[in-house]
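K.L.:
Sequence:
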Amino acid sequence: MSSKINKTMKHSITALLCTLFTTFCFAENKVSVIEYCPAPGQFVNTLPIIESEDDVLQKAQQNLERGSMISLGAFGGYMVAEFDRPLANAEGYDLIILGNAFATSAEPGIVMVSRDANQNGIADDHWYEIAGSEYARSTQNYEITYYRPEADKDTLKELKEYIRWSDNQGNSGWVSKNATHLQGYYPAWIDADSLTFKGTLLPTNSIDKNGDASYFELKPYEWGYADNQPNSNEAGCSIDLDWAVDEAGNAIELEAINFIRIHTAINAVDLGQIGEASTEISAIRALHNETIEEKDEIVFDINSMIEQQNITFNNQDVWDKTFNDSIKYQSFGNGTFSFAHLRSGNSWEGTSWEGFTISRSTDTLLSHESFYPDHQWGIMAGGGVNGIGTPFILGYFSEYTENSLDSHICEIEFTHINDVEAVGCYVCNSPYTMRCITQGFGYARKFTQGDYCTLTAHGINANGEECGTVVYYIADYRDEDSTKWILNTDWDWMDLTSLGAVKSIYFTMETTDVGDWGANTTFYFGLDQITIRPIKQETSIESLITPNTQLNVYPNPCRDILYINGVNYGETINIYNIHGQLLISQTLNTPTASIHIPHLAPGVYIIKQQNKTAKIIKQ
Numbered sequence: 008m009s010s011k012i013n014k015t016m017k018h019s020i021t022a023l024l025c026t027l028f029t030t031f032c033f034a035e036n037k038v039s040v041i042e043y044c045p046a047p048g049q050f051v052n053t054l055p056i057i058e059s060e061d062d063v064l065q066k067a068q069q070n071l072e073r074g075s076m077i078s079l080g081a082f083g084g085y086m087v088a089e090f091d092r093p094l095a096n097a098e099g100y101d102l103i104i105l106g107n108a109f110a111t112s113a114e115p116g117i118v119m120v121s122r123d124a125n126q127n128g129i130a131d132d133h134w135y136e137i138a139g140s141e142y143a144r145s146t147q148n149y150e151i152t153y154y155r156p157e158a159d160k161d162t163l164k165e166l167k168e169y170i171r172w173s174d175n176q177g178n179s180g181w182v183s184k185n186a187t188h189l190q191g192y193y194p195a196w197i198d199a200d201s202l203t204f205k206g207t208l209l210p211t212n213s214i215d216k217n218g219d220a221s222y223f224e225l226k227p228y229e230w231g232y233a234d235n236q237p238n239s240n241e242a243g244c245s246i247d248l249d250w251a252v253d254e255a256g257n258a259i260e261l262e263a264i265n266f267i268r269i270h271t272a273i274n275a276v277d278l279g280q281i282g283e284a285s286t287e288i289s290a291i292r293a294l295h296n297e298t299i300e301e302k303d304e305i306v307f308d309i310n311s312m313i314e315q316q317n318i319t320f321n322n323q324d325v326w327d328k329t330f331n332d333s334i335k336y337q338s339f340g341n342g343t344f345s346f347a348h349l350r351s352g353n354s355w356e357g358t359s360w361e362g363f364t365i366s367r368s369t370d371t372l373l374s375h376e377s378f379y380p381d382h383q384w385g386i387m388a389g390g391g392v393n394g395i396g397t398p399f400i401l402g403y404f405s406e407y408t409e410n411s412l413d414s415h416i417c418e419i420e421f422t423h424i425n426d427v428e429a430v431g432c433y434v435c436n437s438p439y440t441m442r443c444i445t446q447g448f449g450y451a452r453k454f455t456q457g458d459y460c461t462l463t464a465h466g467i468n469a470n471g472e473e474c475g476t477v478v479y480y481i482a483d484y485r486d487e488d489s490t491k492w493i494l495n496t497d498w499d500w501m502d503l504t505s506l507g508a509v510k511s512i513y514f515t516m517e518t519t520d521v522g523d524w525g526a527n528t529t530f531y532f533g534l535d536q537i538t539i540r541p542i543k544q545e546t547s548i549e550s551l552i553t554p555n556t557q558l559n560v561y562p563n564p565c566r567d568i569l570y571i572n573g574v575n576y577g578e579t580i581n582i583y584n585i586h587g588q589l590l591i592s593q594t595l596n597t598p599t600a601s602i603h604i605p606h607l608a609p610g611v612y613i614i615k616q617q618n619k620t621a622k623i624i625k626q
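Position one of the sequence shown corresponds to residue 8 (this note's numbering), numbered consecutively onward.
Derived by calculation from the structure, the hints in this document are not laboratory data.
Keep in mind that the hints are not guaranteed to be accurate.
Stated by the list, open to error - When the alpha-carbon atoms are kept at most 20 Å apart in a straight line, the in silico DMTMM-like pairs for lysine to aspartate or glutamate are as follows:
1. K226 - D303
2. K625 - D215
3. K205 - E141
4. K510 - E376
5. K625 - D62
6. K625 - E42
7. K226 - D215
8. K453 - E376
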């Protein structure tokens with residue numbers, strides 16, 4: 008955190024205030040509300056007035072555009088908004104958030120930001136917290152549940168004990184109803200009988216002024232929160248993207264953001280005349296016009312995959328399904344990237360695996376008496392590209408298995424996208440492999456002049472043919488001058504652009520230390536931030552639609568899964584956007600088929616199968 012704070016201190020506040028208003032006026036990066044879910048509160052159902060679930064986003068957007076309030080309710084209530092183009096991380100403050108705070112009434116909300124790394128237009132990538140002035144005193148992963156009241160309450164006791172709550176710290180209590188706001192406090196458009204929220208909890212900021220819990224003042228924190236400082240304090244309401252941190256509190260260098268999430272960060276639900284502390288938002292605006300050049304690149308976001316699929320880790324910080332006797336062949340991924348994984352079955356006492364798995368091990372030791380099975384999970388960098396302890400893809404390559412199977416054991420397939428170009432990935436050596444190279448271990452001998460160990464990426468095109476290779480030297484001792492020897496000890500970029508258009512990439516390894524049974528060097532390697540670029544194939548949208556030949560699809564509108572009737576085995580379904588760009592090409596194997604489309608952005612799409620077409624709406 009010190010580096011961020013120091014940078015912040017370098018800002019000239021005087022200079023900033025001189026330029027802030029000017030910048031504020033001409034910034035035009037518009038913001039749209041894409042999600043709104045308040046916790047119970049005295050302004051819920053009125054700020055904004057919402058009559059049905061269909062009105063939620065429209066009414067919230069209207070309030071935001073006209074500077075009216077959007078109330079987030081008690082702790083955890085949140086809203087998510089999207090900038091109409093990526094907001095670059097420029098020098099100084101990047102955005103301003105206005106609320107209704109004043110000198111004695113601050114209801115701070117935590118700000119989180121996200122980059123659309125997978126470029127699907129959905130806020131499903133990793134979120135980073137803006138670490139404000141109280142970050143070191145806050146409680147991470149706080150969780151609270153509110154329970155729907157059985158009926159509207161009107162007695163004094165019922166008003167006091169209105170909406171019950173409990174948290175993951177063993178605490179419980181009530182959201183009280185006050186005499187000023189008598190409408191229902193539980194979101195009227197939500198059918199669930201309970202609402203659970205999780206996020207960072209800030210320390211209490213309330214002061215009991217009378218000593219009898221009848222009136223409280225809510226003191227503002229210094230910087231870094233929404234609805235915390237009066238709107239007249241422009242610097243106090245502004246956010247610098249340089250304050251973003253990951254889950255471990257490590258500083259994150261964000262190039263730009265697409266999404267912002269704000270949640271009420273104080274759990275104070277009975278403040279006498281004030282009622283509950285609830286963050287209110289009246290505006291979210293960019294403070295500069297700086298953006299970044301949009302790249303048609305998709306980067307595999309391992310953190311988002313872990314969150315979406317609820318992937319868990321064992322006590323060795325490796326994916327806890329790495330060994331699974333019930334399934335031999337398995338893959339994992341996020342819908343676009345699919346990583347091959349070969350499980351052990353009953354071999355080697357259930358400790359055998361090949362292909363790829365997920366690790367967040369910090370083990371970098373070379374001195375283990377034995378690496379297998381307990382110490383095989385590390386990477387020389389101590390974690391992924393984002394820092395020590397962050398997750399990465401761990402690969403294990405076996406020559407024997409590779410030559411025994413019809414498929415490739417270390418293969419990454421690119422699904423739900425018709426054609427992509429390879430861009431590259433980060434590569435890092437494993438401590439197990441490093442031990443073999445630098446010291447010798449087991450059958451492996453220490454490398455000497457002339458030795459090398461390589462990692463090779465093989466491209467496979469749409470026809471299933473190998474279309475090129477890229478060789479990366481994990482270790483290269485071929486030069487007679489030992490000062491020129493190469494040995495990977497940290498994340499290094501592997502450029503894969505020469506592979507061109509690919510449907511998959513598989514990896515193999517090779518060593519000069521070879522015995523009677525093949526390679527003596529043990530082949531482990533790490534990958535991170537695998538990057539591809541979709542190949543745009545545009546055609547006239549009019550040419551896609553064939554009159555009177557309707558394809559039977561349902562449901563329509565749809566969300567994550569689309570079903571198609573009346574197609575024959577082996578026929579291909581193509582999905583285009585309204586610009587005629589081919590997004591998905593899938594061969595069906597049953598008369599009633601399903602296509603998974605959670606990665607598609609909401610909008611209108613055309614589905615085509617031979618001479619049959621259908622228009623669908625993705626919600």
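K.L.:
Would you mind marking each hint as holding or not holding in the structure?
P.N.:
How the hints compare with the structure:
Restraint check: the Cα-Cα separation between K226 and D303 comes to about 45 Å, which exceeds 20 Å; the hinted pair is violated. Of the supplied pair hints, the one linking K625 and D215 is violated, its CA atoms being roughly 51 Å apart against a limit of 20 Å. Between K205 and E141 the CA atoms are separated by roughly 18 Å; this keeps the pair inside 20 Å, and the hint holds. Annotation: proposed proximity of K510 to E376 is violated, straight-line Cα distance about 41 Å (limit 20 Å).
The suggested pairing of K625 with D62 holds, with an alpha-carbon distance near 18 Å, which does not exceed 20 Å. At roughly 16 Å between alpha-carbon atoms, K625 and E42 fall within 20 Å of each other, so this suggested pair holds. With a CA separation close to 11 Å, the supplied pair K226 and D215 stays within the 20 Å bound. A hinted pair counts as satisfied when its Cα atoms are at most 20 Å apart, and K453 with E376 qualifies at roughly 16 Å.
Consistency with the previously given hints fails for numbers 1, 2 and 4, ordered from lowest to highest.
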